[in-house]
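Please work from the sequences and hints to get the whole structure.
Number of protein chains: 2
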Amino acid sequence: MEDVVEKIRSGDVRTVARIIRDIDDGIPGVRETLKALYPYTGNAYVVGITGAPGVGKSTLVDQMINHLRKKGKTVGVLAVDPTSPFSGGAILGDRVRMQRHSMDEGVFIRSLATRGHFGGLTQSTRSAIDVLDAMGKDYILVETVGVGQDEVDVVRNTHTTVIVVIPGMGDDIQAIKAGILEVGDIFVINKAEREGADKTLSDLRLMLDMDQKKYQEGDWRPPIIKTEAIFDKGVNELLNAIEEHRKYLSKRYGIIHLRKNRDRVREELKEMVKSRLIEKVFQILVESGEFEKAVDQIVEGKIDPYSASDNLVLPKIVVPGAKDES
Amino acid sequence: MEDVVEKIRSGDVRTVARIIRDIDDGIPGVRETLKALYPYTGNAYVVGITGAPGVGKSTLVDQMINHLRKKGKTVGVLAVDPTSPFSGGAILGDRVRMQRHSMDEGVFIRSLATRGHFGGLTQSTRSAIDVLDAMGKDYILVETVGVGQDEVDVVRNTHTTVIVVIPGMGDDIQAIKAGILEVGDIFVINKAEREGADKTLSDLRLMLDMDQKKYQEGDWRPPIIKTEAIFDKGVNELLNAIEEHRKYLSKRYGIIHLRKNRDRVREELKEMVKSRLIEKVFQILVESGEFEKAVDQIVEGKIDPYSASDNLVLPKIVVPGAKDES
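Chains as they are written, first to last, in the numbering used here: chain A, 55 to 380; chain B, 55 to 380.
Calculated from the structure, these hints are not laboratory results.
Careful, some of the hints might be misleading.
It does not matter which identical chain is used: a pair holds within one copy or between any two.
Under the rule of at most 25 Å between Cα atoms (straight-line distance), these lysine to any residue pairs were calculated in the SDA-like manner [said to hold, decoys possible]:
#	residue 1	residue 2
1	K124	G308
2	K301	P277
3	K61	K305
4	K61	I357
5	K334	I371
6	K324	V373
7	K324	A251
8	K334	P221
9	K301	D158
10	K127	E297
11	K124	D263
12	K334	V319
13	K347	T95
14	K324	I338
15	K89	H311
16	K125	D317
17	K356	V58
None of the values given here were measured: they were computed from a predicted structure.
Shown next, in the form of structure tokens:
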């Protein structure tokens, strides 16, 4: 174990790749590695980038890597792609990006596709962030495809959340408004060379201002930045905005560590307890044959699924102050 | 309890509405009602209808209700809309539809928005289906917004799954292909009066045929139906295709009862065990204060979240053959 930890900390790419694959595949043993790595986490700055398919997130991330590298920063990228639930593999569309940075030791790019494993995508992403963090990357960029609940959950677990839209998405902005406005720390209008960029900017500004009415003095007010990622325009501005947000967080919360935020820690612990609980109890129920027996009884019409789940679960839980009742 | 069951069975709209709201809100007591209703379920035919926003699902469902009513069938509709995770309320966009059928006792329409409650959207939907089933509705139409994993899970829990697309969605079909092709029993190209309907038809046909190479003789081959729901065109054809699929299922699996399919029962029981387990254990952890204490320790840097979750979970589980070890 110490050997694995040392290899990860020294940036051994093969070891890191294997651990992240184990996380993605839900291999139980990986928990022990994550425990051992934990003391070495908390140093990276984590940026979430989300938006609908086609807004140019990958190109933007590619340019961000470039700029960060020029500043001498090391970068880890997690491309989270759950759009292919049945095939089980992540599609990292932009292979060009991987090739371009593949010879650069300061950049590490991996994709995550986990669906259906206990704990889900949010937890897998968080664990993968821990690994890249322990690996010593200065910045970790978490790119998610789509704008569903899962993606929102993933980007919420970052320091700075960047929401990417393109001109003419007015209706879509409206549709995703409720979920998106609240999680965005910075908004980007990419492909800003297209017609309608100013209209999108003013629409978005209006919605944000309405949303901000409930804000207090001193709260962060999400800036909107126009970029043309493909022409490398506006990317530095975006990085400056991220730096501003970092300073804001640091000033407001003292220390930049995701696990210093009680709400975040509570959310994370809740999910970890859930996944651990399910994993352990299912192992018992499956090995004892109780689960399949209950399935039989439901199919045969002998019991309803609501009662069957009660019968399976309740005897497996230690109730405080009720010893020896079994 | 008997009174509630009788009221639901006799079609008392207020009681049914209340129970469905309780399901949506995750009120624990509703489980007992569901247990008592269970013997009266298994008679309805459940159709799932999904597709991207804007394809005209609501109009299609509205026309389906009309046609089914003309045939003397009673109809329950569940509009499942989790797109608004933060506001907590379901948006049922098409209020016209509700108005049109609001005076018809043979139609019952409700929306579900559950997010974040233990068990999630799939289980809430299934429980709501149970209620409409026990209420005596002949057909239950489950309409979901979006094409994410949650929506796929919801429509999989039906007898017949209808996937709705519109002309010119070629790229989108490609994008959602992996998840969608496998769950669709019937495909509908709505707004077929638009340009490109034949191209979409042939694209879809091609993809389905490629997918069907692995099919065995006698397997169901999903038909593709062109509809113009707004002009009431093709809707009868769709209902005929649903009827064909129903006959196929009946011939192949004998009896039309969702809880006679082992795979479905297994999936359902797994989810119910999960939600029951989490509900019970969290209650204990929160009431005892153990959970908040662990959050404190993580924030203070005294323990990692991986170990903390182990410490919370493992002592709560009754391990077989390990009595008195606590």
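A quick look at each hint next to the structure:
Taking the shortest alpha-carbon separations for K124 and G308, neither the intra-copy value of 28 Å nor the inter-copy value of 67 Å comes in at or below 25 Å. Taking CA atoms no more than 25 Å apart as the test, K301 paired with P277 passes inside one copy only; the shortest distance there is 14 Å, against 57 Å between copies. In the homo-oligomer, the alpha carbons of K61 and K305 never lie at most 25 Å apart, since the shortest distance is 34 Å inside one protomer and 59 Å across protomers. With identical chains, the CA atoms of K61 and I357 are at most 25 Å apart between copies only, with a shortest distance of 23 Å across copies and 53 Å within one.
Taking the shortest alpha-carbon separations for K334 and I371, both the intra-copy value of 11 Å and the inter-copy value of 8 Å come in at or below 25 Å. Within a single copy, K324 and V373 get their C-alpha atoms as close as 19 Å, and across copies as close as 22 Å, so both meet the 25 Å cut-off. Taking identical chains as interchangeable, the C-alpha atoms of K324 and A251 are never at most 25 Å apart, the minima being 41 Å within one chain and 48 Å between chains. Taking identical chains as interchangeable, the C-alpha atoms of K334 and P221 are never at most 25 Å apart, the minima being 48 Å within one chain and 48 Å between chains.
Proximity of K301 to D158 under the C-alpha cut-off of 25 Å is found in neither arrangement, the shortest distances being 28 Å within a copy and 60 Å between copies. Taking identical chains as interchangeable, the C-alpha atoms of K127 and E297 lie at most 25 Å apart only when both belong to the same chain, with a minimum of 13 Å there against 62 Å between chains. Neither within a single protomer nor between protomers do K124 and D263 lie at most 25 Å apart by alpha-carbon distance, with minima of 35 Å and 50 Å respectively. Taking the closest pair of Cα atoms, K334 and V319 come within 25 Å of each other both inside a single copy (22 Å) and across two copies (21 Å).
In this assembly of identical chains, the alpha carbons of K347 and T95 lie at most 25 Å apart only when taken from different copies (22 Å versus 44 Å within one copy). Taking CA atoms no more than 25 Å apart as the test, K324 paired with I338 passes in both settings, with 21 Å inside one copy and 13 Å between copies. Taking the closest pair of Cα atoms, K89 and H311 come within 25 Å of each other only inside a single copy of the chain (17 Å); across copies the shortest separation is 46 Å, beyond that limit. In the homo-oligomer, the alpha carbons of K125 and D317 never lie at most 25 Å apart, since the shortest distance is 33 Å inside one protomer and 54 Å across protomers.
Taking the shortest Cα distances, K356 and V58 sit within 25 Å of each other only across copies (23 Å), while inside one copy they are farther apart (51 Å).
Consistency note: the structure conflicts with the earlier hints numbered 1, 3, 7, 8, 9, 11 and 16.
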